[in-house]
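Enquirer: Next come the chains, spelled out residue by residue.
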Amino acid sequence: MARWRRGERSKPGTKPLRRPAETSVKRLTLSPPEGVPLHLDVAGLAARFGAQFVDFVITTVAMIAIILALLFANLVGGAAFMALATLLALIFGTPYYVVSELLMNGRTPGKKMLGLRVVSKDGSGLSTHQIVVRNLTKEVEVFLPVAFLLGGGEGSLWFDGFMLVWLLVVVAVPIRSKANQRIGDLIADTAVVNEPRPLLLPDVAEAVGRTARERFVFSTAQLELYGAYELQVLERLLRGGEEGRDGRERQKGLVRIGERIRAKIGYEETPPPAEEEAFLKSFYVAQRAFLEQKKLMGDARADKFHREAEPEPEPR
Amino acid sequence: MSAPIRSTRFRDEREADWKRLSAIVEAAEKRGLSRLTFDDARDLVLLYRQATNSLSVAREISLDLAVVRYLESLCARAYLVVYAPRESLTGLVSRFFARSAPQAVRRSLPPIAAAFVLTAFGAVAAYVLTSDDSSWFYAFVPGDLASGRGPGASAEALRRVIYGEDVQPLGELGAFATYLFSHNTKVALFAFALGIVFCIPSVILLLYNGAMLGAFVAIHVDKQLGLDFMGWLTIHGVTELSAIIIASAGGLSLGYAMLFPGLRSRAAALRHAGRDAVKLAVVAAFMLVVAGALEGIGRQLVTDFWARLAIGWGAGLCWLAWFALAGRGEGTASAAEAEPV
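The listed protein sequences derive, respectively, from chains B and E.
Per UniProt numbering: the first sequence ends with 316, consecutive numbering throughout.
Per UniProt numbering: the second sequence ends with 341, consecutive numbering throughout.
Same shape as in the complex, but just chain E (with noise of 0.2 Å):
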């Protein structure tokens, strides 16, 4: 009985090993993996894998409380550091913009039409409301959005808005500076992330965004400044809309898993829903931020009513052209599961 026990010989022999392997993690952890020296690289995963080894054998054999927690700590601690992300940024943001945000919006094809539908349902519905009685325009906007504009409002008054006569006070940057914590940016938001509650409040805020679209249309056409009006939505509105659409568009397939998960557990339903839902919503808040850019500053400096609609409409082809065009034919279907984002 001289001889040390078993598992304080085990300790003994393993010791300097898992002492290295600390000291490499702790340089990793605090310099980063890339400035490793070349040997440190080199053992690194060697070393981790021969203490995750050691623990599964500790727990094993050994009865001695502080070298299972030890070893726990380290493999775990080792594991952070030899699984951790390894990407660039500019990898994935390149990879992200060529690749798979278009592939999402693909394959979320149904979901985005569902929420044009109803975007459209809520415009035409409120459109004809509105014309037919005007005092449903206050039941549609809220009073700080009409900024002055309303069925009473003269159609002079509308055309001053519409051509930017009396020019926003912060001037053009400011015009996009308030624009990003305006409105729309809170409805895409609700609506993409709220519409996890079984799509419910994604429905409600697309029918009510369409809604309040619908009435200004409805009151602008009364006085005859429907084309004007079109000319001044279209320059953003394309963009706009479209980023909000594609935002619920993520919330309602949140929702839809919610609500049908099929054979997977409603977590697991979700978990994968998220994965596109995700680069929609990314897609979205990138589409508001571009939206604000030309609101602030093209609403306010280009005034005519063709080159309005022309850019426009221009910025919405580039976008049907990024969904449509970019990164086909790289195996969608395989390449989907396996990319991160």
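For reference, chain B alone in the conformation it holds in the complex (with noise of 0.2 Å):
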């Protein structure tokens, strides 16, 4: 709503008006085999760090399992109960991570439970090579830090000093990083991704019924003047109400901006407020069906500054 109502505070002739940007999530362009490129959101760090953090508390879960396990069974003598919780340790450290990201495709149950994956920045499918590398470094990037601040230091001035500044980097690195990559990421030519959800919402210019659209008509001056981007816009907020909760204030609302295109676009009749939805939504069909007629014959519209960008069109 604030976005719309700033684009139409704008007066012709002033410069175009930078739209805020979508989002602040950074992405991911990946170009797979087929040619076409896609884009994935890079995961946040918080979210990096709570599956992390799951991952650390599924390890020391299972491994103290294990042990207690062998503890009431009572199989194992005291010599080789030691052995077996060190090897279990190191089973549970890097091995865990390169097995279960390996076979669950990118992912541990920590980056499951997050909805993260890992994928390989190329484009082509996540090899070995890169989980290993990733996981390999993982050791001295995460487990050692964690261990040194958990473990409180070894005392050496020089030792803590070294592994403070390591610390710095270590997490630096991964939010100077376009992607949030951390120094395996970016040794591995991985990133982290949050798992694509894909979710069809129904088409609003299918709910429209016919009546409607003949009801109301614009002319081809009317439709001139929004770009691509007021057109999404007004799908959002068309699609906003469709939950029906807050009738009044979503019918309201509908109303303010129908009031607004209509003195925009010079509509002469004004429609009761129970059609001004009815209305909203022929102007969006119409205003897509002409944005895309003129998208296919190479006239692109990004948003209604789209005159300004190019020299002045000749008067028809």
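Hints were generated in silico from the structure; no laboratory data involved.
Bear in mind the structure is a predicted one, so any value in this text is a computation, not a measurement.
For glycine and all other residues, C-beta sits at the position ideal for the given N, C-alpha and C.
Worth double-checking, as some hints may not be accurate.
[Claimed, not checked] Distance ranges between label pairs, derived from CB positions:
(1) E/S56 x B/G253: 30 to 38 Å
(2) E/D133 x B/L45: 26 to 34 Å
(3) E/R266 x B/F159: 39 to 47 Å
(4) E/T37 x B/L296: 38 to 46 Å
(5) E/A98 x B/F49: 34 to 42 Å
(6) B/F162 x E/L309: 37 to 45 Å
(7) B/E268 x E/T37: 54 to 62 Å
(8) E/A139 x B/F72: 46 to 54 Å
(9) E/F38 x B/L45: 37 to 45 Å
(10) B/T220 x E/R31: 39 to 47 Å
(11) B/F143 x E/F260: 40 to 48 Å
(12) E/A324 x B/G93: 26 to 34 Å
[Stated by the list, open to error] Taking lysine-lysine and the DSSO-like style, the derived pairs with C-alpha atoms no more than 30 Å apart in a straight line are:
(13) B/K26 x E/K19
(14) E/K30 x B/K112
(15) B/K121 x E/K223
(16) E/K19 x B/K138
(17) B/K138 x B/K121
Hints are included, so try docking the two chains, each in its own frame, into the full complex.
Expert: Next up, the structure:
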């Protein structure tokens, strides 16, 4: 709403307003062999930290459970028990991450829980080499600093200072990186992304009745004014209320928007509030059909400022 | 204008296929690719290609944000399933040991040689210094590692450690356990991982590790126990020192790629060097576990000098044979680039 209004307020002749960025999420573009680039959301640092934490908890709990089971079963003596415990600690380190990412296609149980996933940045499938690399470096990048923080240093100033610097480096690299890659990711050329969740929303254009479309008719001049961006804002607005919650408020909002649009395009008739949604929807359909037609002919209009971006067209 | 607009028709025509792909992908994610039904498995790739096709068309013709976004995440999801790693664990492991690991070691001969020379240099230097002035020993060996052994220790005490007369309180397996987290594993790990900082930490660690070895040898030679110490050390030391050298060689090649990336960018050079370096690290980890078993079990059970020597160098020969002979004659150069591990 706010964005819509801000766009509205700009006077013709002023410099085109820069639209606020859609989201602040970092995006990653993969080029699969099919040649159609895919855009994925890069996983946030907090989510990755959470996944790592969950994995820590899982491995620790599993380790303790096995050790307790061994203790209760009383199968092994003291010395062998120690050996088994260390072996377990080894197995639930790097090998756990490597094997789970291999078998679960780039996910550890923690990542799965938080909806994260490792992908290869070059667009081919995730290779074993990449998985091994990113988890081997985890040993020095994650486990070592954590052990250092939990254990509280070894007493020697030289070593502690070095570990602190290393800790800073380890934290700074993913923050600075374009795709939140940690050092292991950089070496392996991988990135962690949010699991894409396909959700097909109904087509707004579909829901418009034929009668409504015949009732509200728009001329070409009226459809020339807006671009794809405004169209999609309108789409979001029309979709936003479909849950039917807070019907009154929505109705009022729609009326306000309808008024603005009618003022801008110079539409004479004012439909009753009950018909406002039908009006907006048929405007949406007409506008979309118009813009898609234009786009097909090579005249893609990103937003309503499209005219100012190029030299003034000849008056028709 | 009564017909639905073009992008709506586009969507109506293809929606059923998209839904089907979505269902197949869902099933593959949940139960695994191998449990798909025949029809689903056959159609998965076809439907995926169609969906990417739809996506690229939709980006061009459709202004319906919902469709473009849906297709985008559907294609991404299907892409992840279609291009999933599909190798069995056993196949991976056997190929690693049969071919790719020894090939990587052979390719990395120069850094391994460099690491060996550095260790040897450190050892010789420390040996010379310590035999000259035994207080140098304390400069090279941290207190907890020396465990009572030092220039001041009597020959009797040193002999006891070597021939295991004061048996470890934890027993053989306990010794193995404590070993795994012991000093040398740490050295190997650091030498590999920190090599990336322009080789410097790896070089320092190699020199230092060699120096420690040299200092130990010096105090034992001083007490006329040189040969006995060699026997004590060889049984696991051959394997263990080789592991450290191999791990550091991995670190060195990473650092070298950072220092001299050549025509590549630093990141690309690092990635390229990483292919072999990682294999070296895995080999080193495997060797360290074997060394742990040798140290924990072998060293306490086998106290005869010649048996120790035989086991130690025998293991060394086995490693050498593995590195030198395994995986030859299978198009080494071309296969190296294509192999994932």
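Enquirer: Against each hint, give a clear statement of whether it holds in the structure.
Expert: Here is how each hint holds up against the structure:
For E/S56 and B/G253, the Cβ-Cβ distance of about 35 Å falls inside the hinted range of 30 to 38 Å, so the restraint holds. Checking the proposed 26 to 34 Å range against E/D133 and B/L45 shows it is violated: the Cβ atoms sit about 53 Å from each other. Between E/R266 and B/F159 the beta carbon distance is about 28 Å. The supplied range of 39 to 47 Å is therefore violated. Restraint check, E/T37 to B/L296: a C-beta distance of roughly 39 Å satisfies the suggested window 38 to 46 Å.
Between E/A98 and B/F49 the beta carbon distance is about 39 Å. The supplied range of 34 to 42 Å therefore holds. One distance hint, 37 to 45 Å for the beta-carbon pair B/F162 and E/L309, holds here, with the actual separation near 38 Å. About 60 Å separates the C-beta atoms of B/E268 and E/T37, a value consistent with the hinted range of 54 to 62 Å. One distance hint, 46 to 54 Å for the beta-carbon pair E/A139 and B/F72, holds here, with the actual separation near 49 Å.
Range check, E/F38 to B/L45: Cβ separation about 43 Å, and the 37 to 45 Å hint holds. At roughly 54 Å, the beta-carbon separation of B/T220 and E/R31 lies outside the given 39 to 47 Å, and the hint is violated. Between B/F143 and E/F260 the beta carbons are some 30 Å apart, a value that contradicts the proposed interval 40 to 48 Å. Checked against the hint of 26 to 34 Å, the C-beta distance between E/A324 and B/G93 comes to roughly 31 Å, which is consistent with it.
The straight-line distance between the Cα atoms of B/K26 and E/K19 is roughly 28 Å, inside the 30 Å bound, and the hint therefore holds. At most 30 Å may separate the alpha-carbon atoms for a hinted pair to count; E/K30 and B/K112 meet this at roughly 11 Å. For a cut-off of 30 Å, the pair hint linking B/K121 to E/K223 is broken: about 59 Å separates their Cα positions. Taken as a hint, the E/K19 and B/K138 pair is broken in the structure, with Cα atoms around 38 Å apart against an allowance of 30 Å.
Of the supplied pair hints, the one linking B/K138 and B/K121 holds, its CA atoms being roughly 18 Å apart against a limit of 30 Å.
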